[in-house]
Structure formats: structure tokens, C-alpha cells
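**Q** Dock chain S against chain P, hints included.
Here are the chains, one letter per residue:
There are 2 protein chains.
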Amino acid sequence: MDQEVYDVLIIGSGIAGLTAALYSARQGLKTIIVSADLGGQLVMAPEIQNFPGFESIRGYELIQRVEAQVRAYDVEVVYDEIQELSRQGEYFVAKGLSSEYRAFTVVLACGKAPKELGVPGEKELRGKGVSYCVVCDAPLFKGRTVALVGWGHHGWESVNTLAGYARKVYWVFPSAEPYDDEEAVRSLLSRGVVELVPRAQLVAVKGSKRVEALVVRNRDTDEEREIQLDGVFIEIGYEPKTGFLKGFVNLNDKGEVVVDREGRTSMPGVFAAGDVTDMPYKQAVIAAGMGSIAALSAYKYLMEVRGKKVAVLSDWRHGKR
Amino acid sequence: MDQEVYDVLIIGSGIAGLTAALYSARQGLKTIIVSADLGGQLVMAPEIQNFPGFESIRGYELIQRVEAQVRAYDVEVVYDEIQELSRQGEYFVAKGLSSEYRAFTVVLACGKAPKELGVPGEKELRGKGVSYCVVCDAPLFKGRTVALVGWGHHGWESVNTLAGYARKVYWVFPSAEPYDDEEAVRSLLSRGVVELVPRAQLVAVKGSKRVEALVVRNRDTDEEREIQLDGVFIEIGYEPKTGFLKGFVNLNDKGEVVVDREGRTSMPGVFAAGDVTDMPYKQAVIAAGMGSIAALSAYKYLMEVRGKKVAVLSDWRHGKR
Numbered sequence: 278m279d280q281e282v283y284d285v286l287i288i289g290s291g292i293a294g295l296t297a298a299l300y301s302a303r304q305g306l307k308t309i310i311v312s313a314d315l316g317g318q319l320v321m322a323p324e325i326q327n328f329p330g331f332e333s334i335r336g337y338e339l340i341q342r343v344e345a346q347v348r349a350y351d352v353e354v355v356y357d358e359i360q361e362l363s364r365q366g367e368y369f370v371a372k373g374l375s376s377e378y379r380a381f382t383v384v385l386a387c388g389k390a391p392k393e394l395g396v397p398g399e400k401e402l403r404g405k406g407v408s409y410c411v412v413c414d415a416p417l418f419k420g421r422t423v424a425l426v427g428w429g430h431h432g433w434e435s436v437n438t439l440a441g442y443a444r445k446v447y448w449v450f451p452s453a454e455p456y457d458d459e460e461a462v463r464s465l466l467s468r469g470v471v472e473l474v475p476r477a478q479l480v481a482v483k484g485s486k487r488v489e490a491l492v493v494r495n496r497d498t499d500e501e502r503e504i505q506l507d508g509v510f511i512e513i514g515y516e517p518k519t520g521f522l523k524g525f526v527n528l529n530d531k532g533e534v535v536v537d538r539e540g541r542t543s544m545p546g547v548f549a550a551g552d553v554t555d556m557p558y559k560q561a562v563i564a565a566g567m568g569s570i571a572a573l574s575a576y577k578y579l580m581e582v583r584g585k586k587v588a589v590l591s592d593w594r595h596g597k598r
Numbered sequence: 278m279d280q281e282v283y284d285v286l287i288i289g290s291g292i293a294g295l296t297a298a299l300y301s302a303r304q305g306l307k308t309i310i311v312s313a314d315l316g317g318q319l320v321m322a323p324e325i326q327n328f329p330g331f332e333s334i335r336g337y338e339l340i341q342r343v344e345a346q347v348r349a350y351d352v353e354v355v356y357d358e359i360q361e362l363s364r365q366g367e368y369f370v371a372k373g374l375s376s377e378y379r380a381f382t383v384v385l386a387c388g389k390a391p392k393e394l395g396v397p398g399e400k401e402l403r404g405k406g407v408s409y410c411v412v413c414d415a416p417l418f419k420g421r422t423v424a425l426v427g428w429g430h431h432g433w434e435s436v437n438t439l440a441g442y443a444r445k446v447y448w449v450f451p452s453a454e455p456y457d458d459e460e461a462v463r464s465l466l467s468r469g470v471v472e473l474v475p476r477a478q479l480v481a482v483k484g485s486k487r488v489e490a491l492v493v494r495n496r497d498t499d500e501e502r503e504i505q506l507d508g509v510f511i512e513i514g515y516e517p518k519t520g521f522l523k524g525f526v527n528l529n530d531k532g533e534v535v536v537d538r539e540g541r542t543s544m545p546g547v548f549a550a551g552d553v554t555d556m557p558y559k560q561a562v563i564a565a566g567m568g569s570i571a572a573l574s575a576y577k578y579l580m581e582v583r584g585k586k587v588a589v590l591s592d593w594r595h596g597k598r
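Protein chains in written order, with my numbering: chain P, 278 to 598; chain S, 278 to 598.
The shape of chain P in the complex, shown without the other chains:
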């Protein structure tokens, strides 16, 4: 167990968490990032054109650049999944799967994670044919048979990508039509690789060591069908993974952490930034700005608790600290 008490514990390592770490470390605060993975949702973005400074950049490359920037400072980065957060006296304790972390302030930047279907076999076969990221994993299924669960423009894009690799793609969706751009759907079907599975309800993912089949039920006829395949891609959106925060900080009805303009949650000393918050716009540059704000608010909070003046905060010049 780590007995050290950090100034700032940042949970999550997407662009919000990394930017918070950059600012926290530059303020001279003892900083640790604890995250289950590195880079958050951005690593899955094939191309970003709306992050100021880059006309076009792969999400993974942007994250790598910011990570290198953070690593230039004395920031500890630990891979662990936080299960519980509590206040104990003057500091917070975060319990992870492999260790426990103590800090005087916390920045929640754990973002969103792909929504799961919640059907039997899904969890067990994750990474063994069940994927939540077409952009990441499509190339692994060259010449194989896969299904894409999803709809709308994003579903269409995903199927289109998969069709470039797979021998056959089942497009599985709950309504009668997968996407209201009929021409786009027609053009996709004309490639002869895609089969539509409309009005589908997912029943189970089957397989012993790897995915072998997908069971779907027709919502109108209740008829079940078992589709033999090698991979199931689930792209039905994202949700914040904030179960461990329930009762600790205020969450909205979507499970997002409620923050004010300065990144403060309902718990003094706990701040939040990026997609995990109830900020309605989810964008990389907004998450980065919020990460900076959360770190500066944590700094201000620490200085106030420690009885130091922070009058300079509002008058910093860019790049001067």
C-alpha cells in the first residue's frame, strides 16, 4: 500500500486528465495519475481536425504528444482501476484494484466508456472477438465474418470501415431502418458484403475461447436467429463510469459529475473535467481547457487550506509559469 499523500490525484488519463496533470505539476504540486488505460476516448479517433494547433492529427498522436509533455515533469502515472473514493480526515483515499492512493485533492477525469449491451457472453468474450472500437480493431478481422451493432451515421461509418476488411458484415440494429440516409445505405449494400439485420434484439454472444456466434431475436416475430461469426463490434454510444462516485459527489441523471464553471464538484477538494462531467459539449479542446481549470482550482483550494495567498492566479501570463 502506498502511504504517500499526494497533493493532487487525477483519475483518468484522457486529454482532460493529462492537461490537469500538466498544470498541476507546473504549479509544483505532487501529482499522480491513476488510470485503467492511457489516453481515453481520443486514442480511438482516427482523425481530429478541430483541436486548435493541428489542422489534422490522429487522436492517438495527440495523446502521445500530451503524454510526453506531462512526462517531462515529475508526475507519477499508475495503471489501476479506482473502485472507491472516500474522505478520511484531511485527505481522500482512492481504493484501486491493486493499490490504495491518498491525496489532498482529487481531479475526476475518467471520461466515458463504451456502452455495453449487458447480454450473456459479452463480458467473457471481450477482447476475444467482442470489441467496442471499429477504428482500433477492424484490421484484425480481415477476411472474417463480423457483426456491427449500431445505427445512424456513426453506425454506417463503422459498417463501411468493417466492409473494407471483413468478408461479411452483419449490420444489427433495433429499428426498421439503420440510417435515414437511404442513398448511403444503398451504396453500402451494393458492395455485396453487408447484410442488414433489422428489428434486432441482442440475446447473447456465444463462444468458448473466442466469439463463435451472435444470437438475435426479432422484435416483431420474437423469432431467434443464431449468426455464426468471428467478431462482434458494439458501437452504441458512451456513458460515464461513475458508479463508484455515487453518494460521494453529485451526479446528474446521466451519471455525469455535476461541476460549476471552475470545475468544482459538490465535495470540497474534489474537482472534475472533461467528458465525465455534465458539461453538455463533449470535445477534446473543451476537455483540455477543463483539465487546466480543474488543476488551477485544486491549486487554489490547496493554497487556501494551507493559508497561502493566491492573488497571482488571475494574472498569469501565458507560458510564464
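Rather than coming from a laboratory, the hints here were simulated on the basis of the structure. Bear in mind that the values here come from a model prediction, so they are computed numbers and not experimental data. Please note that the accuracy of each hint is not assured.
As the list makes no split between identical chains, a pair holds if one copy fits it or if it spans any two.
Think about it this way: if two alpha-carbon atoms lie no more than 27 Å apart in a straight line, the pair counts; the simulated DSSO-like pairs of lysine-lysine are [claimed, not checked]: (1) 405 with 523; (2) 577 with 392; (3) 585 with 531; (4) 486 with 585; (5) 531 with 577; (6) 307 with 585; (7) 400 with 486; (8) 577 with 307; (9) 585 with 405; (10) 307 with 392.
**A** Just chain S now, kept in the frame of chain P:
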């Protein structure tokens, strides 16, 4: 007079305004930037190390990169200084020195401008020896005699920079000591280039075509002194230039535009971002995030006014629109 009505008029072209333009244009909104200069305060930053994605970048280069990114879209950029903003029926009218601009929404991103001393000769000799930016103009005074009006760490940095070029630097400040790091001041004085002018009150800048002298009064003795020199650098902070907004949107006691978390001002349809707002932290990445937020809020406002649904706003994926 320009009779066209834009969807979004952005006042200011710093990182906040440029990022707002990027997002506004990418939403398909007819966008115009009106600004007195290009780039805002960032162009004066010699080095930025805390903008995510760049371990180190000159402020000017960052702005150039974002400007190029904006120019790839159909955004009009006009150099003009807005004097008045008003609502006329369903749109806003902004009166500039050279033209008039109409738009259904406005994003205020006019940042801050250097504080002036307000002494005779200062305005008249601006750009003729009076400068508000050591980083920009110090090299122009190689081998000449200059004064720096300022204090603290920033004042010290400015004098230090000037001492690398000028033959002599008068460091002019109102208190008894210019900077509480005495060792740093001693080391600077040991170079033999700098003369301290403590307890100084500025009386006037003198010169016919260019700066010729600076008149200062001693706060204790009331004695006046005329210092012969070639340049006067004034680095006493920044303030928002929001005089033209008084009575139009709520300002705080610093003259900053009051905004909520989504960049909304007290006037529906008018949004604000960056250093001109009452967000207490002034940082480039925060201004960029706020620019994105203001543009998305303008988009949402326009869609609501026009009776269109904007349900997708909160679920955009990075780089997908």
C-alpha cells in the same frame, strides 16, 4: 456598409476567437471575425509550454497554426475596431471604425489589452518609442537608452530582456523596491546597464516625432526628473477593453464580461470566451476551450431560434463533424 447578415460575428482574433471561428465554420454557420489585430496576447508570448500538444511553441507560431486552420474554412476575417454593439430586431449590429456588421449571434472574444498609464504624450508616441511589449520590440532598441515601467517578477524579466539589447535601462516603479527577490535584482544591477528609479510617479512622455524623454515625479519628495531616452516600455498588466459593451451585457467590476459555463452573457444570442470574460483563470488552453463552447452555444441558440432540433450536440464524437 456591409448589408449581409452573418450567423456568427466573432469580435477578436486571439486563440478564443479563432477557436470559436473554427467550430462555428465547421457547424456550417456563416462566420465573420472582426478584430483590430491578429492573434491577441499570444503573439507576445515568447514561449508557451502549457498548451497541450506542444512541449514548447512560440505564441506567434501557435496563433499562425490556428489561423491557417480557420482559413481552410469559409470564414471572413476583417480588420476593424468595433465601437458599438446593439440589437436591431432579429439581429445584432456592430459598428466599426470602417464598416458596420450584422449577425444573428455574437461571440465576444476581444481579450485584454495592455494597461495604459494615461499620461500626456503616451498615446501620441505609441509605436514611436512607446511600447507595451518588451518581447516584441526590445530588439529595436539595440544600443539605445530605454525605460521599463513595471515591477515584480515580470518587471524583472522585462528589464533583463531589455538589458540584453539597450545601452542603458531605467527601471521605473512606484514602490521602494522593484521585486522581492533581492538576489535577482542585485545580479541584474551587477551588469552595469540598469538604473533603478524607485517611488516614481509617471508625469509625461515627451518627444516631437519620437520619444525623447520621460518625466517622473518622486512620490516622497515630489521632485520631478526628466530622463533623456529613446524608448519607454510600459508593462503594468492587462485590462479588458469592454467600454463599448457597457449597458449592453453585464460586466463585473473589472470590466470583464460575465458568462455562465456555456459562455452565455446576460444578452441572449451574445456569447463570450477567453480573457475578456470573468473566468478567473487566464490561460491559452482555457480560452480555446471557451471559444469552442461559445461557438457551440451560438449554434444551439440559432437552431432553437430557427426551430431545429440539436439533440446530437452532446454526443458528437471527436473530429467527426
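**Q** Any hints this thing doesn't respect? Which numbers, in order?
**A** 1, 4, 9 and 10
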